[in-house]
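The listed protein sequences derive, respectively, from chains P and S. Counting in numbering that gives the first Met the number 0, the first sequence runs from 0 upward without gaps. Counting in numbering that gives the first Met the number 0, the second sequence runs from 0 upward without gaps.
Since the hints were derived computationally from the structure, they do not count as laboratory data. Keep in mind that the hints are not guaranteed to be accurate.
Unchecked claim - Straight-line C-alpha distance at most 35 Å; calculated DSBU-like pairs for lysine-lysine:
1) P:Lys586 x P:Lys451
2) P:Lys453 x S:Lys51
3) S:Lys52 x P:Lys595
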Amino acid sequence: MLAEAVGLPEILVVLAYLMVVFYLGWLGYMHTRTATDYMIAGRKIHPFVMALSYGATFISTSAIVGFGGAAGLFGMSLLWLTFCNIFVGIFIAFVFLAPRARMLGHHLDAHTFPEMLGRRYQSKFLQVFAGLVIFLFIPLYAAAVMIGGCLFVATQFGIQYETSLLVLSIIIAAYVVMGGLKGVMYSDALQGSIMFIGMLALLIFTYMKVGGITAGHERLGELAALVPAKLQAIGHRGFTAMPPFGWGDIKYNMWWLVIPTITLGVGIGVLAQPQLVVRFMTVKSTRELNRAVLVGGVFILIMTGVAFTVGALSNLFFAEHGPRMTGRVIKTLDEEKGQAVIQIMKMDDSGKWADVEDKKAPVLLDGEVVGSVTVDGEAVEVVQGGSISIVYAGGDSGKIIPEYITTAMPKWFGLLFLLTLLSAAMSTLSSQFHTVGTSIGRDVFEQITGQKGKGIAVTRMGIIVGIVIAVLWSYFWRESTVIPRATAIFFGLCASAFLPSFVGALYCKWMTRAAAIWSTVIGFAVTSFWLLLVKSAEAGDIGLVQKLTGGKTSILAGKPNWDWVDPIVVALPISIIVAIVVSMFTKRPSDEHLAKCFKGSK
Amino acid sequence: MLGIEDKWVAAAYILCIASTVLCVVYGLATWNRGQEKDEQVAEDIRWAEEEKKVEKEL
Numbered sequence: 000m001l002a003e004a005v006g007l008p009e010i011l012v013v014l015a016y017l018m019v020v021f022y023l024g025w026l027g028y029m030h031t032r033t034a035t036d037y038m039i040a041g042r043k044i045h046p047f048v049m050a051l052s053y054g055a056t057f058i059s060t061s062a063i064v065g066f067g068g069a070a071g072l073f074g075m076s077l078l079w080l081t082f083c084n085i086f087v088g089i090f091i092a093f094v095f096l097a098p099r100a101r102m103l104g105h106h107l108d109a110h111t112f113p114e115m116l117g118r119r120y121q122s123k124f125l126q127v128f129a130g131l132v133i134f135l136f137i138p139l140y141a142a143a144v145m146i147g148g149c150l151f152v153a154t155q156f157g158i159q160y161e162t163s164l165l166v167l168s169i170i171i172a173a174y175v176v177m178g179g180l181k182g183v184m185y186s187d188a189l190q191g192s193i194m195f196i197g198m199l200a201l202l203i204f205t206y207m208k209v210g211g212i213t214a215g216h217e218r219l220g221e222l223a224a225l226v227p228a229k230l231q232a233i234g235h236r237g238f239t240a241m242p243p244f245g246w247g248d249i250k251y252n253m254w255w256l257v258i259p260t261i262t263l264g265v266g267i268g269v270l271a272q273p274q275l276v277v278r279f280m281t282v283k284s285t286r287e288l289n290r291a292v293l294v295g296g297v298f299i300l301i302m303t304g305v306a307f308t309v310g311a312l313s314n315l316f317f318a319e320h321g322p323r324m325t326g327r328v329i330k331t332l333d334e335e336k337g338q339a340v341i342q343i344m345k346m347d348d349s350g351k352w353a354d355v356e357d358k359k360a361p362v363l364l365d366g367e368v369v370g371s372v373t374v375d376g377e378a379v380e381v382v383q384g385g386s387i388s389i390v391y392a393g394g395d396s397g398k399i400i401p402e403y404i405t406t407a408m409p410k411w412f413g414l415l416f417l418l419t420l421l422s423a424a425m426s427t428l429s430s431q432f433h434t435v436g437t438s439i440g441r442d443v444f445e446q447i448t449g450q451k452g453k454g455i456a457v458t459r460m461g462i463i464v465g466i467v468i469a470v471l472w473s474y475f476w477r478e479s480t481v482i483p484r485a486t487a488i489f490f491g492l493c494a495s496a497f498l499p500s501f502v503g504a505l506y507c508k509w510m511t512r513a514a515a516i517w518s519t520v521i522g523f524a525v526t527s528f529w530l531l532l533v534k535s536a537e538a539g540d541i542g543l544v545q546k547l548t549g550g551k552t553s554i555l556a557g558k559p560n561w562d563w564v565d566p567i568v569v570a571l572p573i574s575i576i577v578a579i580v581v582s583m584f585t586k587r588p589s590d591e592h593l594a595k596c597f598k599g600s601k
Numbered sequence: 000m001l002g003i004e005d006k007w008v009a010a011a012y013i014l015c016i017a018s019t020v021l022c023v024v025y026g027l028a029t030w031n032r033g034q035e036k037d038e039q040v041a042e043d044i045r046w047a048e049e050e051k052k053v054e055k056e057l
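Throw the hints in and build the complete structure from the sequences for me.
Take a look at the structure:
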């Protein structure tokens, strides 16, 4: 059945790819191929291999399909996130945080992010609490990654979402069993290389299709009138325009979505990602970190920069070259540019044009009249044109990139892109499940029971539970807009709960144990409160707020913008203030402990 | 600029490229900087041996 739907050549190429990845994973399993092995053996690793394996871990299908789709819906203003990804996620992270995180981790013999916090602040509670938060919430981010992969496979090959989820789950389970969680450098680097080539090709193809960089951007900007009224009402002013900034009116909602939620939530949240911090520690020397800045910067530009630019430009492609939509004009949007809302019509068996009920679309008319029809006694032309991406994606932003690849790109490219996404999914998922396992085994179980080294069974159980939860989440919560939302929730939560403690651990000798604990707990509590009761998109889905307020999706419903504000805007400043204030009134760590932590640094 | 009328979006586009250039220049300038001293290497190896045990558990 799968072979019929997908085609044998595609299946063979994917199988060949998987065999290579699994073979490299097996080599790593049998021999010494992980970053740790290189460190033990004191061997050099090529900086490109190192940086590509980082990149493959950081960038997932969530970024490409989920956020690329969000750019297809909201436009190029999402490039602010790419800027943050490069400047904050690579430059700030690698230059300012990574060398110190690596040093601290090694001085304290810490092997997980919670362990580093726990040992730096001499608090078992902090380690267990952070471990639990990570264990509970990473599956949410893993689900976002899985949904992104499944949506592409389902759209590209016209198979059921459930089938693609089943296939992806089997691949991931096999990858985990084969030792994929160990972060084998060469399989990660292979995945990174495929991602790089796939995304670069996508960028070049897309600019060629839309007539070049400047011309493409200009014509994309001219499609502003096609933005659906519902989006215009929240501040969408076109695909190359920023939404207006302000407070107290729903027309500012989109700004509050694009900048604090997407740009800050994900852009800053990346600094306190547990799986990323562990990667810093497994680097052989700070020289590798310096080198990784070069490759990492270019890699992220080609990943998210391309995904967001192509996502936005897909609107122009669909409007000019997408499958034609036919119908009668019911509202002229811009006469000069030939933009109008049409009532979609289809020709029936008798050759007559008839309305397709409740189907309207904003289109760029291509000037051709394909027929005529009589409406209310008047002869009306049946015209045709192309619409914007979200219309072709059936209102589902996560389907924009898959639809675009399927429609605009040659079949062979779909296959390359499939490998790109599989690579992006597998490398990120393996680091996520690695973190899930160590969180519950090493950080929670071993700390609570005091049985050091006895957490193996719990670690493995934790990984299985994590995978099962992620798969279930992907099955029940498949709505594609979930991808950027779930990612932003996890990143925002990490920033609000852990960032002050993490930066304090690296740079602030004055930060106390009590300050770190309170900052983490309050950051987590405020974020949870906001997601459960205030931010209507998430609170409405969870449902508790409806029970408390008699049906409203936010306790601040009716007060414009409040219910669109991301938790990070409120929780992170509170968490920072708590860290500073509590430090002022509580006992500093001992000089001996600080000397151990900061040995060899200022 | 570059066909993007809104200066804030054009700025984001340019800043993405500028920050990549910054990363490239920084990477090249520090390409050989940051080798660890011998005593640090010993600690790093001890850390890596413990990390190997963590990996085995997976």
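Hints versus structure:
1. P:Lys586 x P:Lys451: With Cα atoms ~29 Å apart, Lys586 (chain P) and Lys451 (chain P) stay inside 35 Å; holds.
2. P:Lys453 x S:Lys51: holds, 15 Å
3. S:Lys52 x P:Lys595: holds, 23 Å
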